[in-house]
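The opening residue of the sequence shown carries number 1 in the numbering used here; numbering runs sequentially from there.
Hints may be right or wrong, so weigh each one.
[As the list claims (entries may be wrong)] DSS-like cross-link-like pairs, simulated, lysine-lysine; straight-line CA separation at most 30 Å:
id, residue 1, residue 2
1, K133, K63
2, K370, K133
3, K63, K187
4, K370, K392
5, K225, K133
6, K447, K133
7, K447, K392
8, K187, K225
9, K370, K329
[Said to hold, decoys possible] Restraint-style ranges between C-beta atoms, simulated for each label pair:
id, residue 1, residue 2, range
10, P264, A116, 27 to 37 Å
11, A438, A319, 33 to 43 Å
12, D209, G352, 38 to 48 Å
13, A132, A220, 17 to 27 Å
14, G352, P205, 14 to 24 Å
15, G18, R97, 45 to 55 Å
16, A319, L76, 35 to 45 Å
17, D128, Y299, 49 to 59 Å
18, G198, L229, 54 to 64 Å
19, G36, P410, 47 to 57 Å
20, R119, D188, 47 to 57 Å
21, A227, P410, 53 to 63 Å
Don't read these hints as lab results, they were simulated from the structure.
Predicted model only: the values in this text are computed from it and were never measured.
Even glycine gets a Cβ: it sits at the ideal position worked out from N, Cα and C.
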Amino acid sequence: MSIQPSGPMIRTSPPGSGLGRRFAAAMEEFFPFEPGVELAVAVSGGGDSMALVLLADRWARAKGGAVTAFTVDHRLRAASRREALWVHRALGARAIRHHILTWDRGSSAGRANLQAAARGARYRLLEDRCRAKGILHLLLAHHLDDQAETFLMRLERGSGLYGLAAMAPVVERQGVRLLRPFLTVPKDDLRAYLKGCGQDWLEDPSNQDSRFARVRTRRALPELKAAGLTPERIAGTAGRLGRDRVVMDQAVARLLALAAAPDPAGFVLLDRHGLLAAPVPVGLRALSRVLAVVGGAAYAPRFERLARLYREIAGPGRARTLGGCAIRKAPAGALLVCREPAAQGPPMRVHGPGTVLWDGRFRVELGAVKGRRKRASMTLAPLGRDGWARIKTDAAGFSGAAGGRPRLLPGAVRVGLPALGDHLGVVEVPHLGYRRRAGSLASLTIKGIRPLPPEPLAGTVFGMAETMAETESPV
1 MSIQPSGPMI RTSPPGSGLG RRFAAAMEEF FPFEPGVELA VAVSGGGDSM
51 ALVLLADRWA RAKGGAVTAF TVDHRLRAAS RREALWVHRA LGARAIRHHI
101 LTWDRGSSAG RANLQAAARG ARYRLLEDRC RAKGILHLLL AHHLDDQAET
151 FLMRLERGSG LYGLAAMAPV VERQGVRLLR PFLTVPKDDL RAYLKGCGQD
201 WLEDPSNQDS RFARVRTRRA LPELKAAGLT PERIAGTAGR LGRDRVVMDQ
251 AVARLLALAA APDPAGFVLL DRHGLLAAPV PVGLRALSRV LAVVGGAAYA
301 PRFERLARLY REIAGPGRAR TLGGCAIRKA PAGALLVCRE PAAQGPPMRV
351 HGPGTVLWDG RFRVELGAVK GRRKRASMTL APLGRDGWAR IKTDAAGFSG
401 AAGGRPRLLP GAVRVGLPAL GDHLGVVEVP HLGYRRRAGS LASLTIKGIR
451 PLPPEPLAGT VFGMAETMAE TESPV
């Protein structure tokens, strides 16, 4: 960790003018906001996020609202806790509420995918805390240079329209809006603003680590700029592609509204003929969206694999798997897309009441059973074939189900359903209407369960704000 001093007080960009006006104009594009708006701001302590939280605080106070800042301690470096505490003190000195969120990664990620896992955990922790506090808007400090780097990295990987549109100014995720008001603002302007405020910031040493693709891309920018390919032009191209993506999103949403039938049990029936009748780019994107929702994945499968699956769907063929999903033909020209059993994680241990995210797909609310003081450890796990074999003849367990019978579901779906269990076996399978009656001493029960995919099936249209679209001139 190194603290970058703001240096002598500079009044070239004082609070409330220049960047402040541009920030206010960007926020206007994100309206409406509720009266007394509360904003959450993700703050690492770097220059970008420190500028964001100061600007957001001034803007929110002027609206009669408030800001709550969150810092995620990934515990990937020895200095991470000290950095989080530095942010806490710096914001406390400005009377800005601040909370530190700590990632307990356990064995969730090996070294190979640690950075991706940390990034996913960061968003999950931030969004979960926003939902818990009833905060609807989460501000992120990605700026124009970040947008240009993202475009170039995706261009290098051979991305299509969706990737080259880069980052959206607005993203809606399960009741929380992610807002990026700096996508037309160069990094240097943010540093100048902090100097004008007399505010120090942190420099992350990983920003100099050439093992990371983003760092290598960043180092190539000066040479590209000398050739006329400036960050402003690159980000402007991303903005124009973003408008094209809006059109694609709308077409995909229309197709899915007609061709896809999602089920609360976590599967989708897809009209094969309707999918194949659509323009190929629209059909491919619709298929990708279905896989993301059913598989609980944060990112779509690689295009080559997706295109291969699409071609196989068009012909005769067998069951297939992709993106943590099993895809097989169903009656009446339909495709059944359900969770692939082999892709589901190990049993999740649960110890008490609360809400957990299971398999990246279901939010499960657990409650205590009255009169059961002993809190024995229980598990949430896929029902599996063995679990189904044990409960299917337990008539008493299905006495609370509609008609006193388990809901009829395809076998491929049934084995992947979430089941609450104890040392004696399966206790509860809500989607089948099953709860063990005989000899049950379980201390927990499932009070509620609902699908919670990374994004809704019809998706949200790629968030565009008019002043963000061109990025021809950041000033």
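* **List of violated hint numbers, smallest to largest** => 5, 9, 13, 14, 15, 17, 18 and 20
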